[in-house]
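Undergrad: Chain residues, written in single-letter form:
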Amino acid sequence: MKKAFGGRVVLVAGSRGLVGESLCRFFLERGAKVVGCSRSQATIEHEHFHHYICDIGDEQAVLKMFYLLDQAQMPPDIVILSAGTASRNMVALLSSREMDSILSTNVKGALLIAREAVKRMTRKRFGRIIALSSIRVSRTERGAALYSMSKAALEQLIKVLPLEVGDYPVTFNAIEISMLDDGMARDLPKEARARLMDSLAVKRFCTPQDLCNAVEFFAKTDSSYVTGQVLKLGFV
Amino acid sequence: MSLSTQDALQMIYTSLGEINAERSAEGQLKLIPETKLFGSGGDLDSLEVVNLITRVEALLADRLQSPVVLVDEGAFSNGVHPFRDVSSLATYIVNKVKETG
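Protein sequence lines correspond, in order, to chains L and C.
One point on numbering: in this note's numbering, the residue at position 193 of the first sequence is 193, and numbering is uninterrupted.
To convert, count from 1 in the second sequence and add 1000; that's this note's numbering.
There's no promise every hint is true.
[Stated by the list, open to error] Pairs of lysine-lysine residues, derived as DSSO-like cross-links and limited to a Cα-Cα distance of at most 30 Å, are as follows:
1. L:Lys190 - L:Lys220
2. L:Lys2 - L:Lys220
3. C:Lys1036 - L:Lys124
4. C:Lys1096 - L:Lys64
5. L:Lys232 - L:Lys190
6. L:Lys64 - L:Lys220
7. L:Lys108 - C:Lys1030
8. L:Lys64 - C:Lys1030
9. C:Lys1096 - C:Lys1036
10. C:Lys1096 - L:Lys124
11. L:Lys108 - L:Lys159
12. L:Lys159 - L:Lys190
13. L:Lys124 - L:Lys108
14. L:Lys220 - L:Lys124
15. L:Lys3 - L:Lys124
16. L:Lys108 - L:Lys220
17. L:Lys108 - C:Lys1098
18. L:Lys159 - L:Lys64
19. L:Lys232 - L:Lys108
20. L:Lys232 - L:Lys220
21. L:Lys124 - C:Lys1030
[Claimed, not checked] Simulated restraints, written as ranges between beta carbons of each label pair:
22. L:His48 - C:Lys1030: 42 to 52 Å
23. L:Leu68 - C:Met1001: 13 to 23 Å
24. L:Asp181 - C:Ser1040: 52 to 62 Å
25. C:Gln1010 - L:Asp167: 24 to 34 Å
26. C:Ser1040 - L:Lys203: 55 to 65 Å
27. L:Asp55 - C:Ser1066: 41 to 51 Å
28. C:Lys1030 - L:Val202: 14 to 24 Å
29. C:Gln1006 - L:Leu94: 26 to 36 Å
30. L:Asp167 - C:Lys1030: 46 to 56 Å
31. L:Gln60 - C:Thr1091: 21 to 31 Å
32. L:Gly166 - C:Thr1014: 17 to 27 Å
[Stated by the list, open to error] Examples of chain C residues lying across from chain L (beta carbon under 8 Å, computed):
33. Leu1047
34. Pro1067
35. Val1069
These are calculated hints, taken from the structure and not from any lab test.
Glycine is no exception: its CB is placed at the ideal position from the N, C-alpha and C atoms.
Construct the entire structure; sequences and hints are all you get.
TA: Here you go:
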């Protein structure tokens, strides 16, 4: 039986951790070739999984990865911008170094990956770019300024890109994730976590399956009319 | 690493040929050095310029066996828009390859 994403190449930028790894396995199970990239070694072994150690904020590293993918005849059809670094310092306490670090990964890295992917997707006349954003864009919180700003920038990128590709069948969408039961949520102060949970429409953690389901919708070939959208997952 | 102007022109013509394939018979771009590309009187729309650059970058990467980004901070620094016409783009590409070493 033909698998849903058979023949597709999926690049997961930020392939480690609960989200990245879940997405890689999700697409592997559905027949895709999956390319993961992260700053450290791969955590997945699979005949159709390829991994690059790549700091996505480093232009040369990103260029090299895409070049190697071209050489391997694997320019990505679907890109998931999953890499992200969190920051919980209040603005008055933010160091310049922390600002550079967060913005490099969450904003510049996403831009570099999107730039190289779009070039290839317009040539191939197919592409899906799905950015993983955060509830922190819609719901602000003390200490979330830098992280919220970076994710808001990512969402803006997703809204502008459709205007730049014209009629090409390449779509761009983002998902604001409510709260996953991962390291980021566990690091939140108990009260803040309870407050956030109470504000959700669906009062439970977002599971990797919830997220994969939403990503799958945007990634499907049939979703060609859905672009420039930001989906709030589990909240309104 | 070096690239002749003729090689650069050929890459641009190949890329324009691909763009022509998507244009009507009346809208075909002439494959000559004088063809205006972008800016005042340019024959390409902004999407086609992106496509042209992307296609040339791919051809260059194959030729040089390394990744190439044509548009960078230096692209517009000498006051002459490198994408004004085919000839200026060819010159820009040749110089870019020289810089890359």
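Undergrad: None of the hints should be skipped; say for each whether it holds.
TA: Evaluated hints:
Annotation: proposed proximity of Lys190 of chain L to Lys220 of chain L is violated, straight-line Cα distance about 38 Å (limit 30 Å). At most 30 Å may separate the alpha-carbon atoms for a hinted pair to count; Lys2 of chain L and Lys220 of chain L meet this at roughly 14 Å. For the hint pairing Lys1036 of chain C with Lys124 of chain L, the CA-to-CA distance comes to about 26 Å; that is within 30 Å, so the pair holds. About 18 Å separates the Cα atoms of Lys1096 of chain C and Lys64 of chain L, which keeps this hinted pair within 30 Å; it holds.
Restraint check: the Cα-Cα separation between Lys232 of chain L and Lys190 of chain L comes to about 23 Å, which is no more than 30 Å; the hinted pair holds. The straight-line distance between the Cα atoms of Lys64 of chain L and Lys220 of chain L is roughly 28 Å, inside the 30 Å bound, and the hint therefore holds. Taking the CA atoms of Lys108 of chain L and Lys1030 of chain C, the gap is about 38 Å. The hint is violated against a cut of 30 Å. Taking the CA atoms of Lys64 of chain L and Lys1030 of chain C, the gap is near 34 Å; set against the 30 Å cutoff, the hint is violated.
A distance of roughly 20 Å separates the Cα atoms of Lys1096 of chain C and Lys1036 of chain C; the hinted pair therefore holds under the 30 Å criterion. Distance check on the hinted pair: Lys1096 of chain C and Lys124 of chain L sit about 26 Å apart at the alpha-carbon level, within 30 Å; holds. Annotation: proposed proximity of Lys108 of chain L to Lys159 of chain L holds, straight-line Cα distance about 16 Å (limit 30 Å). The straight-line distance between the Cα atoms of Lys159 of chain L and Lys190 of chain L is roughly 34 Å, outside the 30 Å bound, and the hint therefore fails.
Between Lys124 of chain L and Lys108 of chain L the CA atoms are separated by roughly 24 Å; this keeps the pair inside 30 Å, and the hint holds. Restraint check for Lys220 of chain L and Lys124 of chain L: the C-alpha separation of about 16 Å stays at or below 30 Å, so the hint holds. Between Lys3 of chain L and Lys124 of chain L the alpha-carbon distance is near 21 Å, which keeps this suggested pair within the 30 Å criterion. Of the pairs offered as hints, the one joining Lys108 of chain L and Lys220 of chain L holds, with about 27 Å between alpha carbons and a cut-off of 30 Å not exceeded.
Proposed proximity of Lys108 of chain L and Lys1098 of chain C is supported: the alpha carbons are some 28 Å apart, at most 30 Å. Of the pairs offered as hints, the one joining Lys159 of chain L and Lys64 of chain L holds, with about 27 Å between alpha carbons and a cut-off of 30 Å not exceeded. Distance check on the hinted pair: Lys232 of chain L and Lys108 of chain L sit about 23 Å apart at the alpha-carbon level, within 30 Å; holds. Distance hint between Lys232 of chain L and Lys220 of chain L is fulfilled; the C-alpha atoms sit about 19 Å from each other, no more than 30 Å.
Taking the CA atoms of Lys124 of chain L and Lys1030 of chain C, the gap is about 24 Å. The hint holds against a cut of 30 Å. Taking 42 to 52 Å as the suggested C-beta distance range, the pair His48 of chain L and Lys1030 of chain C conforms, at roughly 45 Å. Under the hint 13 to 23 Å, the C-beta atoms of Leu68 of chain L and Met1001 of chain C, about 19 Å apart, fit the expected range. Here the CB-CB span from Asp181 of chain L to Ser1040 of chain C is close to 57 Å, well matched to the stated 52 to 62 Å.
Between Gln1010 of chain C and Asp167 of chain L, the C-beta spacing of about 29 Å keeps the proposed range 24 to 34 Å intact. Remark: the range hint 55 to 65 Å for Ser1040 of chain C to Lys203 of chain L is upheld by a beta-carbon distance near 59 Å. A hinted range of 41 to 51 Å is violated for the C-beta pair Asp55 of chain L and Ser1066 of chain C, which are about 19 Å apart. Range check, Lys1030 of chain C to Val202 of chain L: about 60 Å between beta-carbon atoms, so the 14 to 24 Å window is missed.
Checked against the given bound of 26 to 36 Å, the beta carbons of Gln1006 of chain C and Leu94 of chain L, roughly 54 Å apart, lie outside it. In this structure the supplied range 46 to 56 Å is violated for Asp167 of chain L paired with Lys1030 of chain C, their Cβ-Cβ distance being about 24 Å. For Gln60 of chain L and Thr1091 of chain C, the hinted distance range of 21 to 31 Å is satisfied, since their beta carbons lie about 25 Å from each other. With their beta carbons about 22 Å apart, Gly166 of chain L and Thr1014 of chain C fall inside the hinted range of 17 to 27 Å.
Annotation: Leu1047 of chain C was flagged as interfacial toward chain L, and the flag holds, the nearest CB pair being 5 Å apart, inside 8 Å. Interface hint at Pro1067 of chain C: satisfied, since its Cβ lies 4 Å from the closest Cβ of chain L, which is below the 8 Å cut-off. Satisfaction of the interface hint for Val1069 of chain C is found here, the shortest Cβ-Cβ separation to chain L being roughly 6 Å, below the 8 Å cut-off.
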